[in-house]
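Asks: Here are the chains, one letter per residue:
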Amino acid sequence: MAYVYRFKEFVLKPSFLLPLSIFIGILIYSFIFPQTIAINPGRWYYAPPALPPSSKYLFGTTSMGQDLFLLVPLALRNTIVISFVAAVISVLIAWSVGSIAALSSSIVRVVLLTLTDVICVLPGLPLLMVIFYIWRDFLTIPLIGIIMGLIGWGFPARAIYSIISSLRQRTFIYTSYFSGLAIYKIIVKDFAPYLLRYLMINVVGTMTWAIGNEVTASIFGAMKMEEVTIGTTIHWAMYYQAILLGLWWWLAIPVVFLVMFVLSLYVLMVEIDKYLFARARVTWG
Amino acid sequence: MARDILIMNNLDGGYEVFIGGKRRVFVHAVDNVSLTLRDSEVLGIAGESGCGKSTLAKMIYGAIVPPLLVRSGSIFLYTRDGNVVELNRLSIEEVRKKIWWLEMSYIPQNSMNVLNPLKRIKDQFINVFKYHNMEMDKNEVMRHLKDILSSLSLPPEVINAYPHQLSGGMRQRVVIALSLLFNPRIVIADEPTTAVDVVTQRIILSLIREWRENSKSSLMLISHDMSVHAYMDDRVAVMYAGNIVEVGNVFDVFKEPLHPYTRALIESLIRKGDKTIRKGLAGQPPDLVNPPPGCRFHPRCPFAMDICRREEPPAVSLGKDRYVKCWLYASKR
Amino acid sequence: MSINNSLIIENLTKLYGYGLLGLKKFKVLDSISLNIDLEKPKIVVLAGETGSGKTTLLRVIMGVVKPDSGRVMYKGYDVHRLKGSMVRWYRREVQPIFQDPYETFNPLRRIDSYFRDTVRNICGIRNGDEIERRIDEALRFVGLSLDRISGKYPHEFSGGELQRISIARALLTNPKILLADEPVSMLDATLRVNILNILKYLKEKLNMVIIYVTHDLSTAYYIGDYIAVMYRGTLVEYGPTSKVYQEPKHPYTYALLESILEPDPALREKYPLIKPSALEIKEFLIYGCRYASRCPYAKDVCFRKLPPFIEIDGEYVRCWRYTNYKE
Amino acid sequence: MHPLIKYVLQRALLALLVIWIGLTISFILSRLMPFNAADLFISRLVSQGSALTGEEIEVMKRQLMELYGLDKPIIVQYLIFLKNYMITGEMGPSFAFFPTSAREIIGKALPWSITLLLLASVISWLVGNGIGVLAALTRHRKVSNILEDVAIAFQPIPFAVLAVSFLVFYALVLKLPIPSGGYVGGATAIEMFIYMLRRALFPLLVLVVFGWFGGFVSMKALALKMREEDFIVYSFLQGAPTRSIRLMIFRNSILPQFTSLVLGISRVFVGSLLVEYLFNYPGIGYVLQSAIANADYNLMLGILFFATVATALATLILDLVYPLIDPRIRYPGQG
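Protein chains in written order, with my numbering: chain H, 1 to 285; chain A, 1001 to 1333; chain X, 2001 to 2327; chain G, 3001 to 3335.
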């Protein structure tokens, strides 16, 4: 006897609705809201400096006279774009390398797996910091993401490799073969549902990894400091001694938004995963 | 006549499961079962998978771990020193210390996968001594071990091996050796030979048979395969959807199966050198959450009558040691 | 027997590696030759213990495992050298049934998608109504119908049902040969007979050849017309089932027949006790007869040289006892 | 050749390969800088009016030329670079702390970092796995579920964010001072070590407080699954006392976690760089920050090299040790 997890039931669950609305809210605030304001929120001294949150400046202002209510969405947007680009690039590389390694002959496989091992072992963050620092004058927001993607595909590629190699051994692949499916169709029909799940985990995992790297590198100052991101905002706050001066909002507001974004993304992923895979689960028997 | 050493009265239980984390249902796997096990006999429990055989074995052994739940019934055991204990009144600590492995041991289902992968075979044996606080000289233990292993045709090198280094059949024999370690008076074997091929099955069954004939212990053998019962049993009990539907001497049951289910089980067997078309049993055992009313077998029974659909049949005693739970043999109301 | 209407297995050898990087090899299949003519419907049983190579042989015939030497000829074509549309043709002619019904279908895919794929891709039928008619027809052979299965996932069926569904899917292409890999070993005894009866019925009704792999010699006799007994990668005996059962020629076949348990308590005292031999990779590495170390008739030559596969009145056997080999 | 030796060699080769690739990347980076390092920095030093004599500037120029071999063909430059790093260990001068060499600065900071790193990764691994197994076995389901919720909620948050939040909390809510102070001169090794431990206490606390989630979550899941394993149930039925069963569950589920211990070292490495900087702990992270603040490329490349060597060695050790602990995984070709 199986329990069928219905779509409606899943969508109406509070544990799905709440993170979904937070997620959408943050996206609106960070992507649509900045389009509606005329001034560049990164500019200095368009607001009085170092004001605590009030009804006029909802999230307070920085020592350089920036309104955090206007600054944070821009920073959030840039950070999200960086992490998303990094995730897309790393997933593309990881999936091609992992699946080619799993499906090809021994020499290609050994070469690709060794390459993957090397990428896994290379210390990502120090490398990124050096790269970012040397080319800080040439960096753009998408480029930061691309560079992170080029370095962060090691562990996902390893996972994809092992998933595909074990899927290959399953009997139902033979059934599909004898149902007249060509190899690429077997990959689409039989592998895809399993891989889809991992794709989701992969994208979310790489995004949080990239966010972490962006913030850490920025705190060290190894980043294009003129770009407004969550990391650079924190960096400047610390650079101008926000803690000593007691300007807690300068640090707390960006951090709170970032945490809300990461957590809502993570919970959404967990819930969608539960729904997709409840179908295949037999509750008892 | 041999003495009864294990008496089960009106055992009733099953699994409490949550479906989708919400609805709570009760899977009624064992429904009002009474049985006795005698001194020095092999009692077989037959039936398809999903009929509650393994659950019954767990209940008798006392392996009551949630979600398994015993709702009523009692089990009496005549111990080695002549006392009678009611097993389900004892605390789990007492059962663990005094009953398990000393009076009664257990060969679990898929026994080739029950050994600790990180321990050498000899340490797994030594651990059992430790569990029961037995002080033994190390050399003596080793000698004893080698004896037991060689009686199951296992080479002595086995004791230093890790489980993954042995073949499936060898691991199964190691588990049997473990269960016979203290020469218990009762062994409960739950499908000891499923998942092995016929040759290995034959080997394992002959080894168990040989051991039992020497030790005069009692064996309760659970298997869905009737030819295993024909080879091993003294008495056989047939179980269907949580009920014992027929009990009897193995020769009588195979010669003249009474319950339509028993008949179907035996008729579906293929004999060596027989090409005549056999009939299998259509359908499958019922859902134990909502079993059919009346006799649970009636939807699959070729002799089903009106009364079978309404009322549960009584257990009818037919001669010595022979019980059948079927309206065909009851005085119809 | 014509080449154009038979399945000919010629001198098939398959090596598997073990040890470091798989550099040491042993033969999972060693010089197997077998001719099966496709004129008359028949069931050929491949029998043997775990590790006898019977499933590997079946996979080689399916074309999904490549042999290291030797070949499989189907109707005059080498199965492993088919190209383009001939691959599709071979998949239409030969269809498999697998051992574990729960592994046969992807748990995340609906059952009927397999049926539609098969009809569309292998039979080349595009018309929706015609597809449904074909599927329903095939399912009726095994006592099911399209309505019963459409839109459902594998976990909504019992093992017996899934195995029947698996057979029905194989029937869609109207295959000449059905390759059944222990289709009943995971099922209850009561359900086994049903599946076996379906296979028997199909053989007659659809004029098919079924190659049936099993380790259970009693079902082998029930269903088989011919039997091939395998031991540790070699084919030791092949012949009509009744002949092999009445007078087994190879000592291993004899031992295997002895191990059958009869469902009759009256017979049990007659069974001899069998002592086990540890299944060892060593037995694969012997140059001679693999059974030599367990054989009561073993001579020196048995350990050194693989016996030839010789014919004795309609049966084939691989044993030195039936040759006039002198040392 | 004995398969074991072959395996060890294979793994060691992989480690060397990683180090080599790391070095090559460093070389490419130093060559692809959008400016000529040597000229730029000498001119910068001079323009800053630093009190360098002409002689010192000459020395620095010579050292840089030697290190990079700037006047030779690119292949020769590459070989010289490899030789300098891998064989002589010469990394050239630090721009910011001239005339101290980069190697000397890193060498001074390294013991501090390694102490912190090892302590942090081992302690947070122990804490995470220890609580994890207890949470799986405890009868107090509520407590263990709350712990799990906390861990799951914190797990996806990047460590940098947690560390900064902690700093804000520590300085603004608790109003406590941030410890400072660096190397002490003239102390004995033992005094030095004790001082080091005292200084490490605070960053260590941060690393452990936010470092146990991963270990906890996976260990709890593993131990819960282990509890249902056939061999555990079988031991229970054999009459094993609860204590033995708990020990067995612990032993069997801790094994796969060794992988995460070593992987954890590289994760903690990133965290410790940050914590060292945030809490003024005089380790590699602190040095890295000043290298960045002073545009000291040579020092940055040196740190990158050390980081590569460290992770490569840690992975190598894991690969070699793991089969010793788990009998199921033998070195290939063995038994």
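Don't read these hints as lab results, they were simulated from the structure. Hints are supplied without guarantee of correctness; some may be wrong.
[Unchecked claim] Pairs of lysine to any residue, SDA-like flavour, derived with a Cα cap of 25 Å: (1) A:Lys1097 <-> G:Thr3242; (2) G:Lys3225 <-> A:Phe1026; (3) X:Lys2083 <-> H:Leu268; (4) H:Lys189 <-> X:Asn2207; (5) X:Lys2152 <-> A:Glu1311; (6) X:Lys2066 <-> H:Met200; (7) G:Lys3225 <-> X:Leu2108.
Asks: All hints are to be evaluated individually against the structure, with a verdict given for each.
Replies: Results of checking the hints against the structure:
In summary, the hint linking A:Lys1097 to G:Thr3242 is supported, as the alpha carbons are separated by about 12 Å, within the 25 Å threshold. Under the criterion of a C-alpha separation no larger than 25 Å, the hint pairing G:Lys3225 with A:Phe1026 is consistent with the structure, at around 24 Å. At most 25 Å may separate the alpha-carbon atoms for a hinted pair to count; X:Lys2083 and H:Leu268 exceed this at roughly 47 Å. A C-alpha spacing of about 33 Å is found between H:Lys189 and X:Asn2207, which places the hinted pair above 25 Å, so the restraint is violated.
Distance check on the hinted pair: X:Lys2152 and A:Glu1311 sit about 35 Å apart at the alpha-carbon level, beyond 25 Å; violated. The suggested pairing of X:Lys2066 with H:Met200 is violated, with an alpha-carbon distance near 36 Å, which exceeds 25 Å. Distance hint between G:Lys3225 and X:Leu2108 is fulfilled; the C-alpha atoms sit about 24 Å from each other, no more than 25 Å.
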